[in-house]
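J.: With the hints as extra help, turn the sequences into a complete structure.
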Amino acid sequence: MAAKAEGGLLVAKGKAPLPLKSVSVDAQVRGFVMGLRSTLTYSNDSPDPVEVLFRFPVEKSHAVVGLTAVIDGRKIAAQVREKEEARAQYDDAIASGLSAALAEEKSGDIFSIALGNLPPGKDAQIQLQLVGELGVDAEGGVRFSLPSTLKPRYTPTGSTDPLAPVPAGEEEQVKSGTVSAVSWFHLTVEGADGVAVVTSPTHSITVTPNDANQLDVRLSKELDSDLVILVKTKEPHAPKAIVEGGEEKKGSFMSSTTVMLNFFPSFPEIEAACEFIFLVDRSGSMRGSYIKSARETLVLFLKSLPQGNYFNIMGFGSSYTLLFPNPVPMTKSTWKRPSSMLRRWKQISGAQSCCDHCSTSSRRSHARGMQGRCSC
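Residue numbers are given in numbering that gives the first Met the number 0: position 355 of the sequence shown equals residue 354, and the series is strictly consecutive.
Hint data in this document are derived by calculation from the structure and do not stem from the laboratory.
Virtual Cβ for every residue (Gly too), placed ideally from N, Cα, C.
Fair warning: there could be bad hints in the mix.
[To be verified] Computed cross-link-like contacts, DSS-like style, restricted to lysine-lysine with a CA-CA straight-line distance of at most 27 Å:
{"id": "1", "residue 1": "Lys331", "residue 2": "Lys291"}
{"id": "2", "residue 1": "Lys302", "residue 2": "Lys331"}
{"id": "3", "residue 1": "Lys59", "residue 2": "Lys239"}
{"id": "4", "residue 1": "Lys82", "residue 2": "Lys20"}
{"id": "5", "residue 1": "Lys121", "residue 2": "Lys20"}
{"id": "6", "residue 1": "Lys82", "residue 2": "Lys59"}
{"id": "7", "residue 1": "Lys302", "residue 2": "Lys291"}
{"id": "8", "residue 1": "Lys291", "residue 2": "Lys239"}
{"id": "9", "residue 1": "Lys302", "residue 2": "Lys231"}
{"id": "10", "residue 1": "Lys220", "residue 2": "Lys20"}
{"id": "11", "residue 1": "Lys220", "residue 2": "Lys231"}
{"id": "12", "residue 1": "Lys121", "residue 2": "Lys82"}
{"id": "13", "residue 1": "Lys231", "residue 2": "Lys59"}
{"id": "14", "residue 1": "Lys335", "residue 2": "Lys302"}
{"id": "15", "residue 1": "Lys14", "residue 2": "Lys74"}
{"id": "16", "residue 1": "Lys12", "residue 2": "Lys121"}
{"id": "17", "residue 1": "Lys20", "residue 2": "Lys74"}
{"id": "18", "residue 1": "Lys121", "residue 2": "Lys14"}
[What the hints assert, rightly or not] Ranges of calculated distance between the beta carbons of each label pair, as one might list FRET restraints:
{"id": "19", "residue 1": "Ser292", "residue 2": "Lys231", "range": "48 to 56 Å"}
{"id": "20", "residue 1": "Ile269", "residue 2": "Lys331", "range": "19 to 27 Å"}
{"id": "21", "residue 1": "Arg217", "residue 2": "Val79", "range": "24 to 32 Å"}
{"id": "22", "residue 1": "His185", "residue 2": "Ser60", "range": "15 to 23 Å"}
T.: So, in structure tokens, the structure goes:
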């Protein structure tokens, strides 16, 4: 049975959660992408110093791109680096007698980092930066959502590694300490001139344009439940290029300028007539009730065909017979002929592979410009 663990700032030994005192969120929407900076303040109310680690669940479409922790005036800034480069920098710092922390992704949806000691009666402020893709609805609008609490996850029983991955299918207990709401929230929507409307089906919001071609979105009260904000654009199906400048510091992959194409095309629905060829086995093995059942089943298939689609019926044994020289559209008049003829169909002698006759009908379809496929 899995032991319950916590999300947030945890005591490394035992994984007990520290009280969460305040939460603020500053987010940005650019096209189909969002950026988010969340500041979380925790406190050590115990009389003893504790070694702490920060654990945070990350959605599959999101990524952690920055973390800064301030613990009793000591600032720890995490940077995204290539894995080998990060390991080398960590080893150099330890060899030089400096304090350092190394975070690695050991599970696809859990971000964990050890942060050292937190003295008694002191606060720890964690600033977490995320980026991610937003969901898009059928009309091309984007959906921004922000859960008010950490989502449940699990950690393995008896694990001594504070950064141990959380296996799938297990659970994790989550507590928010003394905080029951996000105390401050602000969302910036880029490209105000291309936005038709910003709404929220879950909360009362105010939307104000600013001088930088942006829309400032704020809540009317503290956020104490799941938040959803919908952004609909004036031209949802027009392609857009989103440019993100790299870091000023050169020499890492984060210094590269990137361009993302946002494209949500709209394709008109095209209804094309389909062609159905029904093959009926009339060989000697279909004597008696078998041919009768085949006729009854075929009648049910024909009744289910929408009008306008093409059909034909091929009966086969040692040879084959087509009901029509070429497939005909399903109409009330064409339906009458197969309905009466099928009642008179009986088995014929001989036997031959169904695939031979199916291939013949498929070639006839291609000759008329129809897409035919034979499956045996």
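J.: Hint compliance check: list the failing hint numbers for this structure, sorted ascending.
T.: Numbers 4, 8, 9 and 12 - these are the hints that the structure violates, sorted from lowest upward.
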